[in-house]
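Participant: Line by line, the protein sequences give chains H and P. Final position of the first sequence in our numbering is 91; the numbers increase by one with none missing. Final position of the second sequence in our numbering is 450; the numbers increase by one with none missing.
These are computed hints drawn from the structure, not numbers from a lab. It cannot be assumed that every hint is accurate.
[Stated by the list, open to error] Derived, one-sided and incomplete: chain H residues facing chain P with beta-carbon distance under 10 Å:
| # | residue |
| --- | --- |
| 1 | 10 |
| 2 | 14 |
| 3 | 48 |
| 4 | 49 |
| 5 | 60 |
| 6 | 66 |
| 7 | 69 |
| 8 | 81 |
| 9 | 84 |
| 10 | 86 |
[As the list claims (entries may be wrong)] Below, in silico cross-link-like pairs of lysine-lysine (DSBU-like), each with a Cα-Cα straight-line distance of 35 Å or less:
| # | chain 1 | residue 1 | chain 2 | residue 2 |
| --- | --- | --- | --- | --- |
| 11 | H | 61 | P | 143 |
| 12 | H | 13 | H | 82 |
| 13 | P | 181 | H | 61 |
| 14 | H | 13 | P | 143 |
| 15 | H | 82 | P | 23 |
| 16 | P | 359 | H | 13 |
| 17 | P | 211 | H | 61 |
| 18 | P | 306 | P | 35 |
| 19 | H | 61 | P | 35 |
| 20 | H | 82 | P | 143 |
| 21 | H | 82 | P | 181 |
C-beta atoms are modelled at their ideal positions from N, C-alpha and C, and glycine is treated no differently.
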Amino acid sequence: MSEEKNELLAEISEVLETVVNRRVELRTDMNIVNDLGLDSIAVMNFCMALEDKFDISIPLHDMASVVTVDDLAKTIQALRSNA
Amino acid sequence: MSIFGKFAALGARYDRLKQSGADPFSVRFDDILSSVEGVVRGKKTLLFGTNNYLGLTFDQVAMEQSADAIRHHGTGTTGSRIANGSYKVHAELERELADFYRRKHCMVFSTGYQANLGMISTLVGKDDHLFLDADSHASIYDGSRLGHAPVVRFRHNNPDDLAKRLRRLADQPGDRLIVVEGIYSMLGDTAPLKEFVDVKREYGAYLMVDEAHSMGVLGRDGRGLAEREGVEDDVDFVVGTFSKSLASVGGFCVSSLEGFEILRLASRPYMFTASLPPSIMSSTISALKTLRREPERRTKLAANSRRFYNGLRAAGFDVGPECTPIVAVIIDNPDVAVAFWKRLLDEGMYLNLALPPATPNSSAFLRSSVSAAHSDEHIDFAINLMTRIGREFGLLPAETNVRPFPVSAERLGATAATARVLPTAVGAGAGMA
Chain H
9 MSEEKNELLA EISEVLETVV NRRVELRTDM NIVNDLGLDS IAVMNFCMAL
59 EDKFDISIPL HDMASVVTVD DLAKTIQALR SNA
Chain P
18 MSIFGKFAAL GARYDRLKQS GADPFSVRFD DILSSVEGVV RGKKTLLFGT
68 NNYLGLTFDQ VAMEQSADAI RHHGTGTTGS RIANGSYKVH AELERELADF
118 YRRKHCMVFS TGYQANLGMI STLVGKDDHL FLDADSHASI YDGSRLGHAP
168 VVRFRHNNPD DLAKRLRRLA DQPGDRLIVV EGIYSMLGDT APLKEFVDVK
218 REYGAYLMVD EAHSMGVLGR DGRGLAEREG VEDDVDFVVG TFSKSLASVG
268 GFCVSSLEGF EILRLASRPY MFTASLPPSI MSSTISALKT LRREPERRTK
318 LAANSRRFYN GLRAAGFDVG PECTPIVAVI IDNPDVAVAF WKRLLDEGMY
368 LNLALPPATP NSSAFLRSSV SAAHSDEHID FAINLMTRIG REFGLLPAET
418 NVRPFPVSAE RLGATAATAR VLPTAVGAGA GMA
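Generate coordinates for the entire structure from the input sequences, incorporating the hints supplied.
Facilitator: Here is the structure:
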């Protein structure tokens, strides 16, 4: 895994911790809903926090197609490069 | 595994709730005696969870006009307006609402839920953007899912946060629609509408305000938050419901924008639903006339809200940040809230129990809605009962240890913190009612 991606994952876990108020060890293959135990509202709040962290816009339907942490990282990378 | 297997986790949570001896989702009223009294398990019960703000469900004139409409026009329209045609009373109801809101156009929907579904899913398309307050009602979220526009959520009641999100999409083509509510149904807080209007203007967006809980409640003439804040000209669409202040069922949208009428042929939740029965529309027209003719109901409602809100706050409860007819007592532990709710019902008071995830911050709310039909005695009974149970449950200090009123600034700060970005206790007045 590239250093850039590691850094991104670290940033994502930082954001996630502010949403769930606990320490989280992220792996790329993790399922965001099942493995992280996020309900639909927590996912939407996570999305909002990610938007602010990376100064991007993640419309909710983009979030709907995100299943794993890796999907999320790719989505953020794509949105950042479009910005 | 059956087709219902996917609901296993939900079912388990519901079972756990029922095991605690309370089932807030299947309360049955043996009878309804008035706008504010019912019978539950043979016991006369005071109703504090009805959204019956003006107390018009038993209005004599409305009931007679409704019965008359059934005798003359039958029990139902048996179809949609585009297929089966409209009755005179559909047009009359739309005219009355447009006149009340001083707007050119009105569309009536079969429920308030469908009004949001029909408007939000249709107004913005895939090349537009939809901006929703994070604490929006389910009907607003569902409208956003039925439509094709990308959806962006902003932090509750936070115009700066909305502006930031609009800015990120500033170079994108298409229209922008912002949706906020007059009074939020869980905590009873109002939107900072003037500030939202500033943002809307700056970014050239359209603004829709859902006045479901504020129609008949706020504003000198009862048109809601936009009237109270003096920004009606900047609100492009007002949606609302007949199932609260107007004491029936149905929903509407009013607007003065050119071209509005085409929505009758574009909005699927409008087109493919049976239209309201004549009896419902007749009582709704009657209730709207009463709402306009009797502003004293609004005055009484405001006084009742203050009495209840201030009474609960003075007793030491954590209440919502603003005094409106929706008065929520915030209880951190949902299990305690369930037990509290059950005790209230056992002792003759019904209110709504709001549990996570329907509530912000994983807390639970004992959510009351005050009515103009409540008497001072009803409200005092409710305050005293809730205070007694609150002490018994250890949520409030024992009577002998009660601190002098009003409650400390620190305590108010705690309430505001629970409610996040909201202003502190606006309009709460001082001391006990």
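Participant: Against this structure, judge whether each hint is valid.
Facilitator: Results of checking the hints against the structure:
A distance limit of 10 Å between C-beta atoms decides the matter here; for residue 10(H) the minimum to chain P is near 26 Å, and the interface restraint is violated. Because the closest C-beta pair between residue 14(H) and chain P is about 26 Å apart, greater than 10 Å, the hint is violated. Interface restraint check for residue 48(H): the shortest CB-CB distance to chain P comes to about 7 Å, inside 10 Å, so the restraint holds. The restraint placing residue 49(H) at the interface with chain P holds, with a minimum CB-CB distance near 5 Å, inside the 10 Å limit.
Because the smallest distance between the Cβ of residue 60(H) and any Cβ of chain P comes to about 8 Å, under 10 Å, the interface hint for this residue holds. The beta carbon of residue 66(H) is positioned within 10 Å of a beta carbon in chain P (closest approach about 8 Å), and the interface hint is therefore held. At about 6 Å, the closest approach between the beta carbon of residue 69(H) and any beta carbon in chain P falls short of 10 Å, and the interface hint on this residue holds. Violation of the interface hint for residue 81(H) is found here, the shortest Cβ-Cβ separation to chain P being roughly 20 Å, above the 10 Å cut-off.
The closest approach between the C-beta of residue 84(H) and any C-beta of chain P is roughly 14 Å, which is over the 10 Å cut-off, so the hint fails. With 10 Å as the threshold, the beta carbon of residue 86(H) stays out of range of chain P, its nearest partner Cβ sitting at about 15 Å, so the hint is violated. The suggested pairing of residue 61(H) with residue 143(P) holds, with an alpha-carbon distance near 26 Å, which does not exceed 35 Å. As the CA atoms of residue 13(H) and residue 82(H) are separated by approximately 9 Å, the hinted pair is consistent with the 35 Å bound.
Distance check on the hinted pair: residue 181(P) and residue 61(H) sit about 12 Å apart at the alpha-carbon level, within 35 Å; holds. Distance hint between residue 13(H) and residue 143(P) is fulfilled; the C-alpha atoms sit about 31 Å from each other, no more than 35 Å. Between residue 82(H) and residue 23(P), the direct Cα distance comes to roughly 29 Å. Compliance with the 35 Å bound is thereby established for this hinted pair. With a CA separation close to 51 Å, the supplied pair residue 359(P) and residue 13(H) exceeds the 35 Å bound.
A hinted pair counts as satisfied when its Cα atoms are at most 35 Å apart, and residue 211(P) with residue 61(H) qualifies at roughly 28 Å. A C-alpha spacing of about 43 Å is found between residue 306(P) and residue 35(P), which places the hinted pair above 35 Å, so the restraint is violated. Among the hinted pairs, residue 61(H) with residue 35(P) is inconsistent with the structure: their alpha-carbon atoms are about 41 Å apart, more than 35 Å. Restraint check for residue 82(H) and residue 143(P): satisfied, since their Cα atoms lie roughly 23 Å apart, inside the 35 Å limit.
Between residue 82(H) and residue 181(P) the CA atoms are separated by roughly 23 Å; this keeps the pair inside 35 Å, and the hint holds.
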